[in-house]
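**Student:** As a plain string of letters, each chain reads:
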Amino acid sequence: MAKTQSNQRAAYGEELVALGRENPNVVVLEADLGKSTMSCLFQEAFPDRYFEMGIAEQNMMSTAAGLAAGGKIAFAGTFAVFAFGRAYDQIRQTISIGELNVKICGSSAGLSDFGDGATHQAIEDVAVMSAIPNMTVFTPCDATEARQAVRAAAALQGPAYIRVCRNPVTDCVGADSPFEPGKCRALRKGGDVALFAHGAMVGAAMDAADALEGAGVSARVIGMPTMKPFDYAGVARLCEGMKAVVTAEEHTFIGGLASAVALALRGSGVPMDYAAIGDQFGQSAGGAAELMAFYGLTAGDIKAKVLALLR
Amino acid sequence: MADGWKWANGPFGSLESLQMLAARIRRDVVEMIGGDGATGHLGGSCSCADILAALYGAKMRHRPSEPDYPGRDKFICSKGHAAIALYAALAETGYFPREELRSVKQLGSMLQGHPDRLKTPGVEAGTGSLGQGLSIANGLALAMRLDGSDRKVYCLMGDGEIAEGQIWEAAMASSNFRLDSLTAILDQNGLQATGPCAERFRTDPLPEKWRSFGWHVIRADGHDIRAVLEALDEADATKGAPSIVIAATVKGKGISFAENVAAFHNGSLTKEQYGAALGELDGRLGELMAAGARGR
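So the protein lines, in turn, are chains B and P. Note that numbering that gives the first Met the number 0 numbers the first sequence so that position 155 is 154, with each residue one more than the last. Note that numbering that gives the first Met the number 0 numbers the second sequence so that position 70 is 69, with each residue one more than the last.
Check before you lean on any hint, since a few could be wrong.
To be verified - Straight-line alpha carbon distances no greater than 20 Å define the calculated SDA-like cross-link-like pairs of lysine to any residue that follow:
id, chain 1, residue 1, chain 2, residue 2
1, B, Lys242, B, Arg187
2, B, Lys242, B, Gln279
3, P, Lys238, P, Arg150
4, B, Lys227, B, Asp206
5, P, Lys118, B, Gly157
6, P, Lys118, B, His119
7, P, Lys118, B, Gln4
8, P, Lys238, P, Asp220
9, P, Lys118, B, Gly70
10, P, Lys118, B, Pro132
11, P, Lys118, B, Ser95
Hints in this document: simulated from the structure, not taken from any laboratory.
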């Protein structure tokens, strides 16, 4: 059966509107990228609760902090690079130390803004946001999980970061399957090896598992929609008895999924490898697939890592 | 009040009572720094003591026994290094016992080196990284507007602090959103950590700058509590635009050897200086008490 795809950005905007209908305290801030993050849908539905802050991300983030201190649930969205990077100090100092209800949408994350190059490609956002105490980091794999992450972010007390991909991603999660913040999400059963992934790489891991099956290897696939707090115990449990473990992330290997799974596995003796971006910036390319292939982030790369560990 | 003091608020029913509050804030600041070599932000805490007395003793609607009182006005100390002055104002108006002030900056204390909303009753938002308070104040004002509330938001900034670019992003936003419930107060003491602001990084002409950013500008002597209150009333009466009170102040005000000395931005006091500072402030309190008695 052909795999369907959906867009996380549309899901983000639509879920904001749904939340806005349910809760008059939900407000949205944007820095001139509402048509990209798709928060423009909220603007149409609730113009009074939508604040266009101009191209001034730092001010946007601190204003969101003030709105949260005034009792609102403030969603502040922009490209991921500008959210975690340009406004890092604001996120750390006021929002996170103060545990304020600011929900940050890092849109067009990873390499997904393929044409705009290194300045627009957030390859270290998960590491940086995860390192901040009090921060929750969601890394949804598809549109359904993005909706669930938006809802989970709104429900929790304190700051959250939601990583969203620019391009259509493979549907991996059933709409009616429950989302447990802070927990592993088993997506495919398998008895030989375990594949862990988040974001767009979950779809690639599912494809890799299909390909491995053809090679006689039974792979389980586990999505990690919450990178912080990280489910170390759940990961360790799902790795028990595995002949190999491979992680896959559209992110630097430093401080992301590879690092966290390696910590979870310490002392277990289970062989592990990762598919991730090396210690380098992204660059422009004519398409997302071309870029992912260049950085070793395809189903084929994951499969090759698994087979190398089994050899 | 019989003398027609129009800003009477709770226990502070006269100008003298507010001047005494300001002197007690300065005295608490000196005690928190102490005379044993520890450093503290003396200069910028003393320069804003009269402003804090005007706000916490008279202008703001708040209930110290109920820090989360929903109808309260909000104060953001954007110059977070004046935390000890803020703590003194909170303690002197009854948010927590004055004895707590002794624990300032000690391990486990509710009184951190910079304001922390989760640890200290009465602190609305954390500050410490300069230049962010005005944006936070904007957010609070927007939240109150959505709630249909007439509550006010006050934001105290330092004159060195406004070199931060985010202040000007926020200044544009305040006027874009026509936040007339917001009043910024600039504690213009003329000195920053390493010397005169004007020699470090020019930010003048300030009234023109703020006006061109869409603000109503009011100038006042930041140590004349009546003038500060009149300026804040003028801000209340200004509709459709945010107001800023540019308050001329003296860094280290009230402690003669520390006045206009940049080294006391975050300095320590010798035992002798500590005693002299307390003596001077006790003298001031004695004068005010005598004046108050004569007034009665």
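**Student:** Within a Cα-Cα threshold of 20 Å, do lysine 238/P and aspartate 220/P meet the stated pairing?
**Tutor:** Measuring from Cα to Cα gives roughly 23 Å; hence the hint is violated.
**Student:** Is the Cα-Cα distance between lysine 242/B and arginine 187/B 20 Å or less?
**Tutor:** OK: lysine 242/B and arginine 187/B at ~17 Å, within 20 Å.
**Student:** Going straight from one Cα to the other, do lysine 118/P and serine 95/B come out at no more than 20 Å?
**Tutor:** Status holds; Cα separation ~14 Å.
**Student:** Tell me if the straight-line CA distance from lysine 118/P to proline 132/B falls inside 20 Å.
**Tutor:** holds (16 Å)
**Student:** Measure nothing beyond the straight line between the CA atoms of lysine 238/P and arginine 150/P; if it is 20 Å or shorter, mark the hint as holding.
**Tutor:** holds (14 Å)
**Student:** Please work out if lysine 118/P and glycine 70/B have their alpha carbons no farther apart than 20 Å.
**Tutor:** holds (18 Å)
**Student:** Does lysine 118/P pair with histidine 119/B here, judged by a C-alpha cut-off of 20 Å?
**Tutor:** The hint is violated at about 38 Å.
**Student:** Verify the proposed pairing of lysine 227/B with aspartate 206/B, using a straight-line Cα cut of 20 Å.
**Tutor:** violated (26 Å)
**Student:** With the threshold set at 20 Å, check whether the alpha-carbon distance from lysine 118/P to glycine 157/B stays at or below it.
**Tutor:** Between lysine 118/P and glycine 157/B the Cα gap is close to 15 Å, so the pair holds against 20 Å.
**Student:** Has the given pair, lysine 242/B with glutamine 279/B, been kept, meaning a C-alpha gap of at most 20 Å?
**Tutor:** violated (30 Å)
**Student:** Would the pair lysine 118/P and glutamine 4/B pass a check requiring their Cα atoms to be no farther apart than 20 Å?
**Tutor:** Violated: lysine 118/P and glutamine 4/B sit about 47 Å apart, past 20 Å.
Hints 2, 4, 6, 7, 8 from the list above are not met by this structure, while the remaining hints are.
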